[in-house]
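These are the residues of each chain, in order.
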Amino acid sequence: MDEQKPSGKQEEVCPSKRGKSDLLSLREQIDSASTNKIGPEYWRSLEELAGSPEFQEALHREFPKGASEWLDSVSRRGFLRVMGASLGLAGMTGCVRMPLQKIVPYVRQPEEVIPGKPMYYASALTLGGYASPVIVESHLGRPTKVEGNDRHPASLGGTDIFSQADLLTMYDPDRSQSIVSIGNLRSWQSFVDEMQGHLNAQKAMQGSGIRILTATISSPTLADQMRSFLKLYPQAKWHVYEPVNRDNVLEGAKLAFGQPVEAVYDFGKADVIVSLDADFLYGAFPGNVAYIRQFAHRRDPDQKMNRMYVVESTPTATGLKSDHRLPLRSVDIEAFAGALAAAVGAGGAGSPNADWSKFLNAIVGDLKNNPGASLVVAGDHMPPAVHALAHAVNAKLGNVGKTVSYVEPVNANPVNQVDSLKDLVADMNGGKVDLLVIIGGNPVYDTPADLGFTEAMMSGKVPLRVHLGLYQDETAELCQWHVNQAHELEAWGDARAYDGSVCLIQPLIAPLYDGKSAYELMAVLAGDPEATGYDIVRGYWQKQHAGADFSEFWRKSLNDGFVADTAFEPKAQALKLASLPAPAAPQNGAIELNFRRDPTIYDGRYSNNGWLQELPKPMSKLTWDNAVLLGPQMADRMGLKAKDVLELDLNNQKIRGAVWIQAGMPDNAVTVTLGYGRMRAGRVGTGTGFNVYPMRTSSSLWTASGVQLRKTGDTYELASTQGMQSMETPNGAVRHNVRETSLDDYRQHPKFAQGEEPSADTTLYHPYQYKDEAYAWGMAIDLNRCTGCNNCILACVSENNIAVVGKEQCLVGRHMHWLRVDVYYEGDRDNPRAFFQPVPCMQCENAPCEVVCPVGATSHSTEGLNDMIYNRCVGTRYCSNNCPYKVRRFNFLLFQDWTTPQFKLMRNPDVTVRSRGVMEKCTYCIQRISERRIDVEIASVQQGKDVRMGDELETACQQSCPADAIVFGNINNPDSHVSKWKSGPRNYSLLGELNTRPRTTYLAEVRNPNPELLS
Amino acid sequence: MEEQRKELVVEAPKVPVMGPGHTFGTITEKISAIVLTRPTSKGWIFGFAISFMGLMMLLAALSYLFVKGVGIWGINIPVGWGFAIVNFVWWIGIGHAGTLISAILLLLRQSWRNSINRFAEAMTLFAVACAGVFPAVHVGRPWLAYWLFPYPNTMNVWPQFRSPLMWDVFAVSTYATISALFWAIGLVPDLATLRDRADSPWKRRIYGMFALGWRGSARHWHRYETMYLLLAGLATPLVLSVHTVVSFDFAIGIVPGWHTTIFPPYFVAGAIYSGFAMVLMLAIPIRKVYGLEDFITDRHLENSAKVMLATGWIVAYGYGIEAFMGWYSGDRFDAFTLWNRLHGPYAFLYFSLLSCNIFIPQLLWIRKFRTNSILLFLISFVILVGMWLERFIIVVVSLHRDFLTSSWGMFYPTRWDFMTFFGTVGLFLTAFFLFIRVLPMISIFEMRTLLPEAKVHAE
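Going down the list, the sequences are from chains A and B. Position 205 (the first sequence) corresponds to 330 in the working numbering; numbering is contiguous. Position 96 (the second sequence) corresponds to 109 in the working numbering; numbering is contiguous.
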């Protein structure tokens, strides 16, 4: 014990020993105190003993020994200990939740705020500039759930996965929480002051050194701010770049019409749809929510059913919902489009290829038979010529004004974004840029590699770089100033939906981390740093609507979530199809590399969003990773297996990625998705997947030819949530989980899907008479309408507080989704047909799970629900073993985050947060049933009559479904929507022969193939 | 009477149940010396140390399990039960031989059982203890596992009596209780012998306490025999019922591969099969090390081997019927389960199972294999492996591919699965090493009844 020696220098000893010596010295003091009789001889308490000055000193010095060490020299261990102790003390003070002062409860309760009753606000969330109109559920000022705005035509109650998941991004604890300048935390005021100085300097030069780089902006207010700023600084420039941009759409429109316009489709009026690699039935395609609804409503085999042909380079949900699908490489689709236009007589050149001439002829026949009621859609990533040809075909068939109309671009600055970025990089390298303001986006990560944006950022040729973003990402790292952005759920704003109508963005909560919106940043640049987002947005609309009734107009617009009558008027367009650029000659030997936006994390901006990372991709059911998708034929030829690591080599740029064999990929083509391999995404997203941006150049943004594939011999684990993607078992038998037939067959045998089911009377026991109850809940899912958009899964995750478990747990089959969407491929692996099947809990009347639970933790309600009692569950997992549908999910570990405060705010307070060791499963949103039951009971008392719950009660999955494929309600009421569906001929029970008597049933799928192509 | 008895002796098999030249005294001396006078051998210390390390590994694995949750194992959503249930059924099965030997063979008056019943019963107890570990710790919230017991509580909730797991609780706890009682009662006269022969007062006091004041009076013997017979009568149906109930865990479920009525007899036969294999695996080294060839003779080994051969054929019949019904029922799920066993990813294990449980044990038809203790030891080991694989096939391979192809998955055990399994082997062996050190591993007084002298008063 060195320390007991009176030496000047303290020797470092381990903390446990040090504690001992402290105790020893204290004891010595106590002993000496009693022997020296400084204190009373028989002291009774510390206060009495405290007469000793040594002891008093020891009490006053928090860290008797360590504290003196603090003065000596910098000791890492000592520092850590002191820090740890202070943190511990901070935690102790944190335990005191009671305010020190007396507070007074509500004397008058604030109007409309009833604890436990959620409030709903209309707002909007944007992706790629396009607004999704939403209604946000708020519990005592905390947004907890994003739902579609049923009043807006772009939603009609449906949502897409990205707007649902934005909720998690808003609460993300990894979001940027402060203004940072070169590693130092700074205040907003210091940022404003710094900007003021630079702007003043630029004033004299008319802002010639200022460049603003934004993502696609559709906000009228922000666009107005931009224009005013550019008026103030005429030499400044506004550049726009978004990695998933619509340059090709606008260029194609320019080719066809001479000016940039966007097409707005009406799939509801189209009897024949031809998609040229357009994935319009999946999130992020502008207008997808509306399009899914229009499409799905035309898939009713009892009405006039539409027919869809899809030609695509990568299997998508849209392609696999089609009646006929043709996998072609992107270059070949260009040739296909030319031949199609030529065959229809709309110009274009190209002769049909022998491989697909039959397919083409069938399409042409169908199109010609349905003039004015057909539609050709080109995918955003198709080259401009394909867009122009699609416009020409639509014009030739008389579809314009009927199934397609043309409106102004929603993008407020519809420049060619790649060119815009090129100009910016040239100016940066040329030293012309003194101040670069990057608003949103992550260009250091996601700009085309050949432009050298990152190098220009690092070269130091731009003296001042400012970044406004949600995360301190790759771009923030290379900027001197980073301002933490307020999320759209925290800030005021506006944006245009796909049809041009303006949606207002209302903050649902004060910015969690004091973030600033783009509007506020632009106000600073414009010299008005005091302006709040509210003032800016409201001020803009006051200018637009200057009448005396403005406050009424404003209130109504906020209430509705959008400004009435702002949708763009369709513009008549004269087709000026002159000469098209010659399509790239298909090189037969060369392997084509396609870059596509990721179905779940988009361009990488959702990289840190656990909900989206864990959302299975619609075709592969992969989670947490991107993969090199290639077809079975090619894999066989190259001797590749799934999970083999390949080296992709394109013009000496190499990346490594794992193979996923995707049925339906065209031969000689591989597809990779953007957005993975982030370096600074956050704790969730960093390091997932591989980054393909280094291979993406400005000339081959979407498709590159001549990629070399080399097998590395390594393997990489990919986590797919679906065990097997075929209904055919390896012994050659087929299990008809999804029942399907053609329209013709359906007309002849409408009850084709009905299976053998044991009669309800085949029992020795007296079955419970659900018919005598007021309610018997049931669900029906129309497989014909379901487009596999995954929206129901995220709605369920958000509504029911479902945990994110991470890749390792997904790999071993422990993901927690209560509702999954199974995909089954059938037929030729190179061009399969595929079916989606959403599987929630079947709520079986004869539930196999219930009889085997030894503690009765899952039991039946009188209304036919298979209830799960979490606090009774001991976790034997017997119920899951005995569930033939495997819809039960188990908390193998503590999957829920019980500590992060942000997530506590985010969760639905009506749903239990499950702990480790507990089984859970779909409840048919029982919290919604209960909430509604209270309402009708109150109404019954008030009205003095029995009020029943009707079809207005919706489960979360049903509510968010843009296709209206899910119907839920009371099957005891013959007039309910669900009863009507269930009485239809297509209704069948999954595994009904097991006599589980599921309450969730399916409406069998009916496809509408072209008889010409069947033979 | 005397005539008849002589005939019986004449017709006795060539290999006797006890070596020649023994008297009451030599039997007592030989068996009690192992406990009382022979020094603790190095071999014992070494074996005990290894076993105890296994037990510590079990404690470590269980501690980590309690801290983290059952997710440390390889189980997942199609395969909700893994090693824990496999091990549970395996150990319970092993635990069947003891009671069978003690109770059923007693009632059938198979006197050759006298030399192996004691340690077979001890083995049963320890095997049931090992089995009992798993149902308690395999649940997600083990601190609430007592909810499976029907006990009066303020929540006013009872267990759910339709669940086979509930029946397990009763079946296994009853079996454990009866086995323990049977074993303890059977030990009383021998404990009294040890008390009387012990050389130190402490040993005398401890053995005396457990001897329950046994003085060997005629009244004691009378009560003892009555009690023992009654317990044997109680234990006999349990031998059949416990594994029947355990098999209900599967047979009641609707999982293809589980839902079959053949399970109860086939599980019971399998249990006896593995139980005898474990008895032999213990008896063969023990008789070698402690020189007990006179008491555990080749006849014992041969009889046990014959029991294994017979139960092995019942098990084989079970496999046959399962396969036949998979085809004959025409049920597509059952048909696939059969296909999957033969061709699926775990096919290797299924063929190993067939080899271990059916093909290799056929060597027991050959007399040499029944009497050569080394070969018998190896075959017993093979059978134990086979029976473990059988439970793995039933539990895991049935679950991993059931009704919906979309939910199919795989089960890969983790190191914690193996640690828990081998940890219970450690627990078993630790208990067994302690048993042979402190208690007479062969029933002294029952061995004495095998001597001709004991038959004087028999009629």
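Hints are not guaranteed to be accurate.
[Unchecked claim] Sample of chain A residues facing chain B (criterion: CB under 7 Å; computed from the structure):
(1) Phe678
(2) Trp679
(3) His861
(4) Val937
(5) Asn1006
(6) Lys1011
(7) Gly1042
(8) Leu1116
(9) Gly1117
[Stated by the list, open to error] Taking lysine-lysine and the DSS-like style, the derived pairs with C-alpha atoms no more than 27 Å apart in a straight line are:
(10) B:Lys81 to A:Lys932
(11) B:Lys319 to A:Lys1029
(12) B:Lys381 to B:Lys301
(13) A:Lys362 to A:Lys493
(14) A:Lys429 to A:Lys362
(15) B:Lys43 to B:Lys81
These aren't lab readings, by the way, just hints derived from the structure by calculation. Glycine residues also receive a C-beta, built at the ideal position from the N, C-alpha and C atoms.
Structure-based check of each hint:
Violation of the interface hint for A:Phe678 is found here, the shortest Cβ-Cβ separation to chain B being roughly 51 Å, above the 7 Å cut-off. Here the hint on A:Trp679 is broken, as its CB sits about 50 Å from the closest CB of chain B, past 7 Å. This hint is violated: A:His861 has a C-beta 10 Å from the nearest C-beta of chain B, more than the 7 Å allowed. Because the closest C-beta pair between A:Val937 and chain B is about 5 Å apart, less than 7 Å, the hint holds.
Proximity of A:Asn1006 to chain B holds as hinted, the smallest CB-CB distance being about 4 Å (cut-off 7 Å). A hinted interface residue such as A:Lys1011 counts as satisfied when its beta carbon comes closer than 7 Å to some beta carbon of chain B; here the least separation is about 4 Å, so the hint holds. Below 7 Å, beta-carbon pairs count as interface contacts, and A:Gly1042 has one with chain B at about 3 Å; its hint therefore holds. At a threshold of 7 Å, the smallest CB-CB gap from A:Leu1116 to chain B is about 6 Å, leaving the interface hint in force.
Among the interface hints, the one on A:Gly1117 is violated; its C-beta lies about 12 Å from the nearest C-beta in chain B, farther than the 7 Å criterion. Taking the CA atoms of B:Lys81 and A:Lys932, the gap is about 18 Å. The hint holds against a cut of 27 Å. Our distance criterion of 27 Å between C-alpha atoms is broken by B:Lys319 and A:Lys1029, whose separation comes to about 65 Å. With a CA separation close to 18 Å, the supplied pair B:Lys381 and B:Lys301 stays within the 27 Å bound.
Distance check on the hinted pair: A:Lys362 and A:Lys493 sit about 48 Å apart at the alpha-carbon level, beyond 27 Å; violated. Restraint check: the Cα-Cα separation between A:Lys429 and A:Lys362 comes to about 52 Å, which exceeds 27 Å; the hinted pair is violated. Using a Cα cut-off of 27 Å, the hinted pair B:Lys43 and B:Lys81 is violated, with the two alpha carbons roughly 50 Å apart.
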